[in-house]
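S.K.: Here is what each chain is made of, one letter per residue.
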Amino acid sequence: MIEEKKKRPPAGQFITTQFNSLLGWARKFSLFHYPFITACCGMEYMSAACAHFDIDRFGAGWTRFSPRQSDMLLVVGTITHKEAPVLRTVYDQMTEPKWVIAFGTCAVSGGIYDNYAVVQGIDQIIPVDVYIPGCPPRPETVLDGLLKLQEKIQHQDQDWRWKKKRS
Amino acid sequence: MEEKTILDRLRKEFPAGVREISTSLGDEVAVIDKGALLQVATSLRDGPGEFAMLLDLTCVDYAGEEPRFEMVYHLFSLSRNRRLRIKARLGESDLWIASLTSLWKNANWLEREVYDLFGVHFEGHPDLRRLFMYDGFEGYPLRKDYPLRRRQPLIRLKE
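Order-wise, the sequence lines are chains A and B. As numbered in this note's numbering, residues 1 to 167 make up the first sequence, in order. As numbered in this note's numbering, residues 1001 to 1159 make up the second sequence, in order.
Keep in mind that the hints were calculated from the coordinates and are not lab data. Just so you know, even glycine gets a beta-carbon here, dropped at the ideal spot from N, CA and C. A portion of the hints provided could be inaccurate.
Stated by the list, open to error - A short list of chain B residues far from chain A (calculated; beta carbon distances all over 12 Å):
hint	residue
1	GLY1035
2	VAL1060
3	PRO1067
4	ALA1107
5	ASP1127
What the hints assert, rightly or not - Cβ pair distances, simulated, as ranges:
hint	chain 1	residue 1	chain 2	residue 2	range
6	B	GLY1136	A	PRO133	31 to 37 Å
7	A	PRO133	B	ASP1008	56 to 62 Å
8	A	GLN93	B	LEU1095	39 to 45 Å
9	A	GLY12	B	GLY1136	53 to 59 Å
Pulled out of the complex, with its shape left as it was, chain B reads as follows (with noise of 0.2 Å):
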């Protein structure tokens, strides 16, 4: 009953925060509004739940839905052997999110991967740059309306 304790907990402390709970194949699940993720994550960061470890970060997009894009988090907690989902939904008129680079380092690529793939912003990042696409690129690659077979050479190709 660990894992009930600490989504009623999270409920208790956000309750306007966090709008959705539940476990999914043995992981915690929690939709949150966009601008509570900070002091969400900070307090399972150093809470009882200690999540001390972001293991990843990425973006769904769903396109046709309203709204549009959603930010999923992962973390994991060292002492208890536990893992937790944190789930965001951004529209795409309003696209940013607060940064978790001040609570893990390594955010810190892993939201510029984001921000390279699908446009969205983070407030509070030290460098928001892109990461794997060059200079010159236009548009995100990964979001559902960039062109198939669209393509962005560097150097003149041979036809």
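Looking at chain A on its own, in the form it has when it is part of the complex (with noise of 0.2 Å):
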């Protein structure tokens, strides 16, 4: 009986769980990218977004220049602390909703650069969804990060209604 309960909840409540459901597919499937990229990462990136390996397969084809026009950041390479606040300010200034990918060893922990120049992960600046490691990680492991990130956004709760706000 509770198990059936689950799957069928009140009439009101199933609108809003479809809508959700339906919001949830579409903008995993309509990711506009913004890449910040710093290094040698860099190649792998353009590796898994050119032709050989396609993300436009997944709905993330589309780069977009602009942080104001884009849903996913991905960090793609070292972040000095020099650097820290521009990513800063690019992400404050991507509208919601918004997800971050960490994207190669550096980005996740700062890698092998343990030293005075480097921010040790750049979850110390930003809100992170999906870590890729790897040094650099291959295209594969990119499109699978990305499938991750597609799972999380179609089974999260959509702010459709811009009430909640992302921490």
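Combine the two chains into a complex, taking the hints into account.
M.R.: So this is what it looks like as structure tokens:
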């Protein structure tokens, strides 16, 4: 009985969950991304984005070079303390809803650069949704990370009334 | 025997300034007094050696030794296809050396880099500012006594 209730919510809620699911479906296949590329991982980004591996198959093909028009921030490469305010500004300029992918070991944790200049993981500056490890990650890993993000977007609570703020 | 003559000529020309000459893996090395740097460099560039190109200029921190720092200059002669290295020791208390910007234009940014990361002052440099690190950065990060895990973030970091 309890399980059946879970499966079939009341009629009013049914509409909102269906709308939530529809929004998730629409959003996960129309990710405009902003590539914030600072280092050698950019080569792997190019490989993943261009014809051989082609992230356009997953609806993330359109690169927008303005943060105001993009949904997904790809942080590709080493972020230094000198650059941290720039990344923070770019993130703040993006409109909701927005997601962040940390691409490569340097963006995830600072990587081999445990020194005075480098931020030890971009999650110290901005919230991160998906971490893609690798130095640099292979395009297959990137695509896997993208699919993970799509899964996350599909199942997350869509703030379509623009009431909630993501932290 | 050509390299011998350049080094010998250098020693003959600056008997007080040149402390030591040697060859290392085919390259000529001259250890000089820091006060003689500008004259030695001018003589090498305009003399028969024709060292027209300053390849690199850097600093080494020999922490615990006295004098502590050593400037290293790599010169290249385009006409003779020869390399030459000049070294000069600097004490921590009088950390300055003459700027070579008047001889080679590229010394400008190279010296700014050394100033940024080691704190060496270059006398006669037209624009001695930090090159890599940002305004407000304290200390000189490539010195051996800069704390390994010291960070100086510009914005607040989440823990």
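S.K.: Which of the listed hints are broken here?
M.R.: none
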